[in-house]
Amino acid sequence: MVNIYQNILSAKKESKKLLAVLIDPEKIDIKNIPAFFEKVHQSITTHIFVGGSTDKNNQTKNVVTVIKKTTKLPVILFPGDVAQITQEADGILFLSLISGRNPEYLIEQQIKAVPYLKNVDLEILPTGYILIDGQKETATQKVSKTKPISQDNLELILNTALAGEFSGKKLIYLEAGSGASVPVDANIITLVEENLSIPLIVGGGIRSKKQLENTFNAGADIVVIGTAFENDENFFNELKK
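Residue numbers for the sequence shown, in numbering that gives the first Met the number 0: 0 to 240.
Fair warning: there could be bad hints in the mix.
Unchecked claim - DSS-like mimics (lysine-lysine), calculated; alpha carbons at most 30 angstroms apart, straight line: (1) Lys-12 with Lys-55; (2) Lys-169 with Lys-209; (3) Lys-16 with Lys-135; (4) Lys-135 with Lys-55; (5) Lys-68 with Lys-117; (6) Lys-55 with Lys-11.
Hints are computed from structural coordinates only; laboratory data are not their basis.
This one's a predicted model, so the numbers in the text were calculated from it and none came from an experiment.
All chains, please: the whole structure from these sequences, using the hints.
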């Protein structure tokens, strides 16, 4: 089995930037997955994230199964709750919403996941998840009943990220939210990256190649793009290998 985390660490050491395409099971038609991945494979995409704040129709397992038949890229779960965990993937972002104070998403969902995770062969990636205000209320806010951190509050963002690292997280994820009006500011990314010793993921509100480059240049090790591809698959043409 490919060691996802070690590959991420190696990429960071070599200053190789990684791009994850986020697929929301509620927003993709399974029959369109093969055609979608033809474009993915022509792009600089390195990882596939699968998940969303909700999965009302319980499509995560089916979507992941089809994706795994379509690509050799690592497929990593990005679950909104324990119901979205499936052994068909390669790994899972074991998320703790450390910017919020709702115990359900700090630790309760994680405890509920343990009986399943201890019996499957998913690589577990402990991830400190930090919601940053993207100037639009997101599904994550509504579901988790937590508020994002203002982009002006640099000290709180940095201290939250470091608290995640100090408590043993292997990844920190700065998230402006799906469809964010503005992405995470470059100054925030640089500040956090310069103080962390673990890889940094950044997502939310990135809709252009320029914004992607700015996010990488600011210090993100992995950039996650979802909505931009949902709205316009031609965006892949801007990101060809």
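Going through the hints against the structure:
1. Restraint check for Lys-12 and Lys-55: the C-alpha separation of about 39 angstroms exceeds 30 angstroms, so the hint is violated.
2. With a C-alpha separation of about 28 angstroms, the suggested pair Lys-169 and Lys-209 falls inside the 30 angstroms cut-off, and the hint holds.
3. For the hint linking Lys-16 to Lys-135, the alpha-carbon distance of about 27 angstroms falls within 30 angstroms, and the restraint holds.
4. Straight-line distance between C-alpha atoms of Lys-135 and Lys-55 comes to about 22 angstroms, which keeps the hinted pair within the 30 angstroms bound.
5. Taking the CA atoms of Lys-68 and Lys-117, the gap is about 25 angstroms. The hint holds against a cut of 30 angstroms.
6. For the proposed pair Lys-55 and Lys-11, the alpha carbon gap of about 36 angstroms is over 30 angstroms, so the pair is violated.
In summary, the structure is inconsistent with hints 1 and 6 from the numbered list given earlier, while agreeing with the others.
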